[in-house]
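Asks: If you want the building blocks of each chain, they are given just below.
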Amino acid sequence: MSTVDTAEAPRVAESPAGGVMRWLNMGTGIVCGIVLAFVGHWLATSLITANPDDAVSGVNVTNQVQIVTMACWAIGFMAGLGAFVGPFRWVLGRDNTHADESFLAGKDQGVWRYFRFTTDHKVVGIQYLVLTMTMLAAGGTMAMLIRTNLITSNSGFLGPQTYNSLVGLHGLTMILATIIMVTGPFGNFIVPLMIGARDMAFPRLNALSLWLLVAMLPVLYSAAFLGGIPTGWTGYTPLADQGPGGVNSYLMAIIIFAISTAVSGMNITTTVLSMRARGMTWNRTPIFVYGVVASVGLAIPAFPMFMTAEVLLGVDRGLGGNFYVASAGGQPWLYQNLFWLMGHPEVYVIVLPAIAALMELTTVFARKPLFSFNAAVLSILGIVGLSVMVWAHHMFTSGWATALNGSFMLTTELISVPTGGLFLVIVGTIWRGRIWTTLPMMSTYAMLWNFIIGGVTGIYLSDVPLDYALQGSMFVTAHFHYTLMGAGLTGAIGALAYWFPKMTGRMLDKTLGFVSFWMVQIGFNVTFLGMFMVGMEGQPRRVEHYNSAFATGNFISTMGAYAIGVGMLVLLYAVVDSWRNGERAPMNPWGAKTLEWTVPNPIPLENFHVMPVVTEDAYGYGRLEPRPTAPEPAPEPVPVGAYVDGGSGDLVEGPDDEIAGSGDSRTGTATT
Amino acid sequence: MATSLQPGERTHWWARRETREVFVLWAVLTVLLVIFSLTVPNALLGVQASNTMTAVERTFTILSVAASPVAALVWAVALYSLVRWRRKGDWSPTDDDGPPMRGNRPAVALWIGGSSALCLFILILGLAALQVAASPNQNPRIAPAQARNPLVVEVTGEQWVWTFRYPGNGGVETDQLYLPVNRAVVFKVTSDDVVHSFWVVEMGIKVDANPGEITTTQTVPTRLGLYNVRCAELCGLLHADMETAAHVVTARQFAAWVNANKPSAG
Amino acid sequence: MTTESLVKAHPIEDAEIVGRRWMTGAGLLIVADASFVAALSFTYLYLRGVNTEGEFHPPKSATASLWWSWVITACMVAGFAVYRSGMGRSQQTVSSRFAGIAMLGVLIMTVALVLNILQMATFPFAVRDNAYASAVFVIAAGNVFHLLITVFTGIGAANRVRRGLTKGSQLWALRIVGLWWGWVCVAAATGALTISMANGIVR
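Just so you know, the protein sequences line up as chains A, B and C, in that order. Residues in the first sequence are numbered consecutively from 61, following my numbering. Residues in the second sequence are numbered consecutively from 2, following my numbering. Residues in the third sequence are numbered consecutively from 3, following my numbering.
In isolation and in its complexed conformation, chain A is listed as follows (with noise of 0.2 Å):
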């Protein structure tokens, strides 16, 4: 609110820009978050005092404890960060000033604008790049530990402990981190871009939905100190009930990720709902951020669904409720029901921005219009609209309301047609292409194969009584990992190699990308076919060892997962190597016709120093006739970023910083 009352508030610059934040970065949040962790740790343990009564009703005076100071750490972390500074201010009436804004967008900080609480929309998509990197490597470093384990029969190498603990861990490691691979780097970074805005409509709302995952990070891996996380990802009641410590991190990183995530997702959806260039009609809008929004747009309702989910298990926990207790009136299919309410349209809050990215790629190295925009829309409204009514496919064999078990199947089916929708465009725009075969078009290809497999799998499973045989097996956890990281991941990678010469300046290898694109994915089609196999073969998910009769098909996926991870390695290396090294990006290395592509490397602080009009949609391809040029150019116009030769890769500030901060820029540069 403070943006718009600057222009009529100048205040005397009594101190420098910035303010108490030019002293918080993440180093003051980290102590901030420490201290205040102690802090309520002492004092849950010695306000709480043990009632003698409390060890026979299921109050659990360690559990409350754990949750005091999990959560005293995220918000002391975000304090110290400096997080909560902009509300007081307005509270107070101490409204940021035009330097203020511009402090806080990160001008003239170099690489320490990453380490604060900075406002940048491009500061916050390498943030989140950075961040989800680091999750994917995570849980990727303990899929490798998992698939060790399942190398043959009865291994011992985890035990059933820790197999149990991993198995959890880097299932819910991966359920955020692909939830957020695209719709936070891309479409933090990019959408800005690609509908001509100069920054969020919430900056700070932005910087905040950042900080709190890695809020979250230590909460979520504090697990793995206080006896894991034993019941999967999905974490059903009332095993979540009688688990050890690690479960208070899994609900209170939950808790935090959802709150997280609604902030990011109104504030997308805000941003391209109302910030739109001019001329950008919804015809004219890419399809990637159609792919975005509707992915941030379904997480706005779904995810509060899984926080209230997880705050019951906490109750539960911390107090002794009951919700999910059966012998005191509480039922584990509600913990099903709600968790499924998110679960089910988080799947196409991961996969559809990751194939709207590949659909917008895809045009460009095909040279062609996208087949069919309509088509494209349509598809992805029609997801939207389903997935909010098929949770209950994933309680098919649970005994609630059997009866209903017919619609849910009806509904989930249906969503195989708008899913063939996706299909047909990209296909259709494949079509007599000019194919360009680069990494971003190869994970195209890829995730043509990819999806149609998790596709016609996932439509055996919507199949009641098939999903009665294979519910629970291995052919469910193959079959979501097709889609997920067939389509899902490869898309985010697709992505990132299309995008990663517009964020870092920088070309991203080819031969490396080539290497690790054929180990990946040769990989990962080795290792879930494999796991098919087992699965139809009747191993059941999340067993740290099992029949000898299932040994071959382990072993091929094993083998098919250290692939991945040699694979893995490759692309990270070529990132940090290209990002550091590489060859230096011109503006619009691919010839694309996206916004994005209009502006200089490195992007200026305030993205467009003209704003761009719109005057035709992103994908005017093998016209024959030539442009229409209307409207008029008003007299001496500045071609959009014309006067950058390439430009340096560093992360520094293009030559025009002081025009403007980003969060201030759309009212009080014309002032200065």
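Just so you know, these hints were derived from the structure itself, not from any lab. Among the hints, erroneous ones may be present.
[Stated by the list, open to error] Part of the chain C face toward chain A, derived, beta carbon under 7 Å: (1) R23; (2) V33; (3) S43; (4) G51; (5) E57; (6) K62; (7) S63; (8) F127; (9) N132.
Heads up, the beta-carbon is just placed ideally off N, CA and C, and yes, glycines get one too.
Keeping the supplied structure of chain A fixed, place chains B and C upon it in accordance with the hints.
Replies: Quick look at chains B and C alone, frame taken from chain A:
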């Protein structure tokens, strides 16, 4: 295809080179996938120890066959485009773009219509199969009297063992499942602690064991032999060990087994 | 995509446009919060409907008084009405004494907050007694969380008007605060209604 005309391309869409070649590729891939669908799933799903499993394997095969042309079409276009339309070398700004096709109404209509029809087909198939799964006693080999009077087995899961109780047979209680062949059986499943999932693998039946609730599933074992009962829902430390044997025996053997295991104190 | 450089320099955004943007954002956050409130109501009604093992709210266990919930809700509605009375009917104008009126609203909301905490402290049951107790407790706790934010925003709105920072075309900030206050009343009523629909021992 009026939108996609370029100089020198005046042929009808079906006479175009790429149409014909993709069609051939599609046909070949479809045939290969159908062959795959008819052989591999059944082999992997293993023996059919109940009429439920027979239906499961049949449905699996039918769905695979139905999906084959769809998958083949997508893959055929993808493969073809990589061979025929792939650019040699990198793109440069002076290169020609692809044709400005912004859609094709008949193609979209055909695709949506086709996928909707397929969807309807699998839906009807699924609903019919669901009907059978809910009342599995339509096996011609079962005498009507037996179908009306199924064997009831009370299944209780607890960490990490299964217990089976036969209320109609003097309350026999065991940790291995014994079933007479060709007699309908109804499992009443519950749990003493956390959620488990009762799964007789070769019979294709599964239902969760919930604390405080009784869920049911039913089938008709149709094949003598020794099968696997597993837990399909993560239930704690020794989840992987929560498995036992299911013996399908003749009616006479079953009666003998019941007599031998009856609780002695009447 | 064609871009034309029609606009030089940075346009000053109209305060109303910024206001509409904030209104959109606030509306979306309320959607998320509504999902949370709906999930809590669903929890109560579902658990009661299933009544697992007859132990949801077994005979001889204590029942929450409905008075508290409705009194708190009425109190909140009164606070909201007072706040709104500080603005014109169309919400386009603001009373000259808005700061005082809004502070009165905050005071009433604080009373509701205190009542809410008192209610939770005096429940005739413990959270751990049965599923009914847990569900009622959480619905009340959710309301406390709402009221804390309500009081915070109210103080901010009053203070900013008092200092002359929110005025003229920026009254949208007050409208957004009003939107939130209205929403928490709806949420409190939803919670109270949920319990009222089916309170007492399940037979």
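Asks: None of the hints should be skipped; say for each whether it holds.
Replies: Status of each hint after checking the structure:
Nearest Cβ of chain A to the Cβ of C/R23: about 4 Å, under the 7 Å cut. The hint holds. At a threshold of 7 Å, the smallest CB-CB gap from C/V33 to chain A is about 6 Å, leaving the interface hint in force. Hint on C/S43 is violated. Least Cβ distance to chain A is approximately 10 Å, over the 7 Å limit. For C/G51, the interface hint is violated, the least distance from its beta-carbon to any beta-carbon of chain A being 9 Å, above 7 Å.
With its C-beta approaching chain A no nearer than about 4 Å, C/E57 sits inside the 7 Å limit, and its interface hint holds. Evaluation of the C/K62 hint against chain A yields a violated restraint, the C-beta minimum of about 14 Å exceeding 7 Å. The restraint placing C/S63 at the interface with chain A is violated, with a minimum CB-CB distance near 10 Å, outside the 7 Å limit. For C/F127, the interface hint is violated, the least distance from its beta-carbon to any beta-carbon of chain A being 11 Å, above 7 Å.
Restraint check, C/N132 versus chain A: the minimum CB separation of about 5 Å is within 7 Å; hint holds.
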